[in-house]
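Which chain is which? The protein sequence lines are A and B, in order. For reference, each letter of the first sequence is one residue, going 1 to 636 in the working numbering. For reference, each letter of the second sequence is one residue, going 1 to 205 in the working numbering.
Certain hints may be false.
Residues of chain B placed beyond 12 Å of chain A at every Cβ, according to the derived structure [said to hold, decoys possible]:
id, residue
1, 21
2, 26
3, 57
4, 127
5, 166
6, 192
7, 199
Label pairs and their in silico Cβ distance ranges [what the hints assert, rightly or not]:
id, chain 1, residue 1, chain 2, residue 2, range
8, A, 363, B, 97, 54 to 62 Å
9, B, 179, A, 395, 23 to 31 Å
10, A, 459, B, 97, 49 to 57 Å
11, A, 552, B, 153, 37 to 45 Å
12, B, 179, A, 363, 45 to 53 Å
13, A, 500, B, 153, 22 to 30 Å
14, A, 494, B, 196, 44 to 52 Å
15, A, 395, B, 76, 26 to 34 Å
16, A, 382, B, 49, 25 to 33 Å
Hints were generated in silico from the structure; no laboratory data involved. Because the structure is a prediction, the values reported are computed rather than measured. By construction, the Cβ of each residue, glycine as well, lies at the ideal position given by its N, Cα and C atoms.
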Amino acid sequence: MAGLPGYTVNIAVEAPVENQIQEISYDGQEFYQTPLTMSESLTKLAAKIDFSKTGCEDIKKDPETSENGEDETSKDAYQSAIWPWDSVRNKLRNAYTEICVLADVVSIAKEKRYMVFDPIPQEMHEQKSMAQVYARKKALAGAASVLLTAAERLRTCQTEAARNRAVPDFHIELLRLRQSWRLKKVSNTIIGDLSYRTAGSKYAQTGLFEVTKAEDEPETSGESSPDPGGIARPASALRVIIPSELQGVAYIGVIVQKDQEDLCSASITSLGERAVNHPDLHWRQKLESAQNVLFCKELFNQLAKEAVQLHAPIPHMVLGNQIMASMFPGVQLIIHLTHSTTGGNVEKRESGFKSEHDHVLEHSLHQLLREVHHRNTHHPFPHPSSAPLGPSKRRCLAGPTAADRYQLLEMTKSQTLLEQIIQQAQHFFLRIRTEYVLDTIIKEVKDPIIVSHWNALNSPCVSCVKINIMTHGYDTVCRTSLVIQVADKSLKCVCRDGRVMHMSYELQELRDLIFCQIYQHQITAVQQLARCMGWQYLSNSTHLGIGAVEPLGNASSCILASPMGDRLIAVRCEPQGAVQVSIAHSPKKDFFSGQLVKERKWENLGGAFKEVRWDKMEGKNFLNKMELLMASLTSS
Amino acid sequence: MGVTILHQFPMLENRTGPQTIEFLTKRIVALGAVQMGQFLVDCDSYISMPSLGPQRTVHVLHNSEQPASVFSILETNTKTIPLVADGLFDLLMLKMTPIYTKKVAKIESKGPRFELADFCIKLGSVTISQNFKGVLVEVEYRPCVVPSNCVGLMREFLQGFLGSCVQSLPACLQNKMDEVYQPMDTIQQYLDHFLNFRKMAGYSG
Numbered sequence: 001m002a003g004l005p006g007y008t009v010n011i012a013v014e015a016p017v018e019n020q021i022q023e024i025s026y027d028g029q030e031f032y033q034t035p036l037t038m039s040e041s042l043t044k045l046a047a048k049i050d051f052s053k054t055g056c057e058d059i060k061k062d063p064e065t066s067e068n069g070e071d072e073t074s075k076d077a078y079q080s081a082i083w084p085w086d087s088v089r090n091k092l093r094n095a096y097t098e099i100c101v102l103a104d105v106v107s108i109a110k111e112k113r114y115m116v117f118d119p120i121p122q123e124m125h126e127q128k129s130m131a132q133v134y135a136r137k138k139a140l141a142g143a144a145s146v147l148l149t150a151a152e153r154l155r156t157c158q159t160e161a162a163r164n165r166a167v168p169d170f171h172i173e174l175l176r177l178r179q180s181w182r183l184k185k186v187s188n189t190i191i192g193d194l195s196y197r198t199a200g201s202k203y204a205q206t207g208l209f210e211v212t213k214a215e216d217e218p219e220t221s222g223e224s225s226p227d228p229g230g231i232a233r234p235a236s237a238l239r240v241i242i243p244s245e246l247q248g249v250a251y252i253g254v255i256v257q258k259d260q261e262d263l264c265s266a267s268i269t270s271l272g273e274r275a276v277n278h279p280d281l282h283w284r285q286k287l288e289s290a291q292n293v294l295f296c297k298e299l300f301n302q303l304a305k306e307a308v309q310l311h312a313p314i315p316h317m318v319l320g321n322q323i324m325a326s327m328f329p330g331v332q333l334i335i336h337l338t339h340s341t342t343g344g345n346v347e348k349r350e351s352g353f354k355s356e357h358d359h360v361l362e363h364s365l366h367q368l369l370r371e372v373h374h375r376n377t378h379h380p381f382p383h384p385s386s387a388p389l390g391p392s393k394r395r396c397l398a399g400p401t402a403a404d405r406y407q408l409l410e411m412t413k414s415q416t417l418l419e420q421i422i423q424q425a426q427h428f429f430l431r432i433r434t435e436y437v438l439d440t441i442i443k444e445v446k447d448p449i450i451v452s453h454w455n456a457l458n459s460p461c462v463s464c465v466k467i468n469i470m471t472h473g474y475d476t477v478c479r480t481s482l483v484i485q486v487a488d489k490s491l492k493c494v495c496r497d498g499r500v501m502h503m504s505y506e507l508q509e510l511r512d513l514i515f516c517q518i519y520q521h522q523i524t525a526v527q528q529l530a531r532c533m534g535w536q537y538l539s540n541s542t543h544l545g546i547g548a549v550e551p552l553g554n555a556s557s558c559i560l561a562s563p564m565g566d567r568l569i570a571v572r573c574e575p576q577g578a579v580q581v582s583i584a585h586s587p588k589k590d591f592f593s594g595q596l597v598k599e600r601k602w603e604n605l606g607g608a609f610k611e612v613r614w615d616k617m618e619g620k621n622f623l624n625k626m627e628l629l630m631a632s633l634t635s636s
Numbered sequence: 001m002g003v004t005i006l007h008q009f010p011m012l013e014n015r016t017g018p019q020t021i022e023f024l025t026k027r028i029v030a031l032g033a034v035q036m037g038q039f040l041v042d043c044d045s046y047i048s049m050p051s052l053g054p055q056r057t058v059h060v061l062h063n064s065e066q067p068a069s070v071f072s073i074l075e076t077n078t079k080t081i082p083l084v085a086d087g088l089f090d091l092l093m094l095k096m097t098p099i100y101t102k103k104v105a106k107i108e109s110k111g112p113r114f115e116l117a118d119f120c121i122k123l124g125s126v127t128i129s130q131n132f133k134g135v136l137v138e139v140e141y142r143p144c145v146v147p148s149n150c151v152g153l154m155r156e157f158l159q160g161f162l163g164s165c166v167q168s169l170p171a172c173l174q175n176k177m178d179e180v181y182q183p184m185d186t187i188q189q190y191l192d193h194f195l196n197f198r199k200m201a202g203y204s205g
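Just chain A, with the same shape it has in the complex:
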């Protein structure tokens, strides 16, 4: 406090140094209250303000009156020091006043005698309404024009469609495409898949193709195809884009070659002669040929892989697009893949190969790969449902049937595609050869008639032929029958008496067997005939030890005696077909008593055999001649 230094006394006004004592403990230690912080003291002061005092004057006057009484001099300083919140108080007071007035107005208006509330009409937007109408009108006009042009386009489109029905609809075409091919939409394009993936193929190459709408197709095709018939065929509204490696035509040819000479061949071509790679080919044919290309590629890929892996005695060769496998010595199986994108080349080569087209090998190639596909997707169900998935049904049953380890080893063996096709080709080759050998024998040998019946039902690797040998006119007397099973590398012959003979693929063995059967048939037939005629056969030998050595087998013979016993017939049959017949008379016609044999009774011993000149004998065939001979000898 500054004053004049002469007559004023300095008074120290200060807060006590010590804080307030809160507590004194028993040992005399004092606990002080912590001094108030600024915010705490502010709240303490603010708590002292009494806002509830109703009159504004009261608030104003109250401190004044209280202060008046105590200390007039320090009033100004007090006001400025104590009321830093003056503006706040003033604002609150004004607000309070307004609220009071509003409460009064509301209470008066509630009585509805002096005052009434009315809503204030809104006139803000009235100035803009005309502009808005114009804007809306413009927008509607724009939308209407879009719709109108669309309708116009639709109408023209429809009238055009009505005018020429031939122009196909894109969506109808797409629907048709969707019915037979897998399609999906990827962002803005339609992608299709022509691979055999869903059918169980595991070939890596994708068969994706793209479908687009052929917008400008009519113009371009009209210009580019002035060939005959180009206008007559309706252009498709669809265009199919196929990857370049699947375009064109492919086929797999199977040739059985012996010493560079084709024996038979088969080829897969789904399109055949019409396989031309034209730009405006119908999408259906295009997709089918592309799928065929993919199939052929997969098949060839598989076969080539197996050809490299297989360890054959004569290794298979893979040269570019050709696989060579040897079936028999000197006989090869050639499988080649031809893929060409230009039509003319294929047709030329095809005509070269087409000399002996075989549908069976073609079909079996198809079938083999499709079986592989099928096996990939169709697993046998595990029999207890908790059992592992995968083993075949036979393997599942191996445990309960106590299969030993040889049987289990057999089960693990499986044939590859190439092995199977080689086996089938071998069988095919052997069957053709057998047919040929049998036919030539039938042509060569006229006397006993040989009839062969091929079974119509056979498996790809085994077929069966039944051979009947009989003599014309005597087929009830004697008939020799045998069955030959043609497998892939060997023949098996089952005779009527139960003998089984195994032969190799060398068909000379079959030829020899049939000739042996023929002469054995002749001897048995003579014996049967003799029985019918009342003759008795005295001896019979199928393997005669005397006479010239035969190149093949042994000659067989029999001796027959007439009912009276006075005539003898000896028959000797050789495997090469020659027949010798001799006769003897029992009382010797030329008996002359000599020095050693004097008595007449010795003439009954029978004389020497004299050979009959067989080619001069009457009769249609061997048995007929024998019958006539026996008849003549009986009667005399």
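Chain A is fixed; fit chain B onto it per the hints.
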């Protein structure tokens, strides 16, 4: 798959098990047999809980000759029920442990396997938990499946290299002489011998 006869070779005092096997091997090889690998027949026995009524025993056997199969023979008081199943049966038995508690030590016969023309000879040393118990000789005559047609031949063959100890036929073959021989019959013979070995082991120990 042919007829099999299992025969126990008597042990001599002064020979150990491996010595006996070696002795027999020499004899067979002298006849011209060729060793073709090893074989193993083992048997686990499970006994049912006593609280579940009358006692039952399941013998589970494996034969290396039928590697995919598990043979089991269930013995009740009145009858025995044979069963051939696949490998899953072992897993099934693991699930049955609350009912069948395994009590008996595993018994097995293993050793070399020989082939001599149509015969297959197996010299097995029988062990119960690694303790040697005896020698079983198995002879199989593969071309024939009806015991009555070939037991004479087989007995003669057995006598040829085992000596005069071979006298009678296995008991379980006696009443099946004219039936087709099954792999289960071999197992039955093994089980009979195994049970004998167990009995002897029980008496001695």
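Against the structure, the hints come out as follows:
Here residue 21 of chain B stays apart from chain A, with its beta-carbon at least about 23 Å from theirs, past the 12 Å limit. Every CB of chain A is more than 12 Å from the CB of residue 26 of chain B (nearest about 27 Å), matching its label as outside the interface. Non-interface call for residue 57 of chain B relative to chain A: holds, since the shortest CB-CB distance, roughly 21 Å, exceeds 12 Å. Even its closest Cβ contact with chain A, about 23 Å, leaves residue 127 of chain B beyond 12 Å, as expected for a residue assigned away from the interface.
Look at residue 166 of chain B: its CB is around 25 Å from the nearest CB on chain A, clear of 12 Å, so calling it non-interface holds up. Against chain A, the non-interface label of residue 192 of chain B holds: every CB pair exceeds 12 Å, the least being about 18 Å. Remark: the non-interface label on residue 199 of chain B is consistent with the geometry, its nearest Cβ contact in chain A lying 27 Å away (cut-off 12 Å). For residue 363 of chain A and residue 97 of chain B, the hinted distance range of 54 to 62 Å is satisfied, since their beta carbons lie about 57 Å from each other.
The given range of 23 to 31 Å is respected by residue 179 of chain B and residue 395 of chain A, whose C-beta atoms sit roughly 27 Å from each other. About 51 Å separates the C-beta atoms of residue 459 of chain A and residue 97 of chain B, a value consistent with the hinted range of 49 to 57 Å. Roughly 40 Å separates the CB atoms of residue 552 of chain A and residue 153 of chain B, a value that falls within the hinted 37 to 45 Å. Range check, residue 179 of chain B to residue 363 of chain A: about 47 Å between beta-carbon atoms, so the 45 to 53 Å window is met.
Checked against the hint of 22 to 30 Å, the pair residue 500 of chain A and residue 153 of chain B passes, with Cβ atoms roughly 26 Å apart. Checked against the given bound of 44 to 52 Å, the beta carbons of residue 494 of chain A and residue 196 of chain B, roughly 51 Å apart, stay inside it. A beta carbon spacing of about 32 Å between residue 395 of chain A and residue 76 of chain B agrees with the range 26 to 34 Å that was offered as a hint. At roughly 31 Å, the beta-carbon separation of residue 382 of chain A and residue 49 of chain B lies within the given 25 to 33 Å, and the hint holds.
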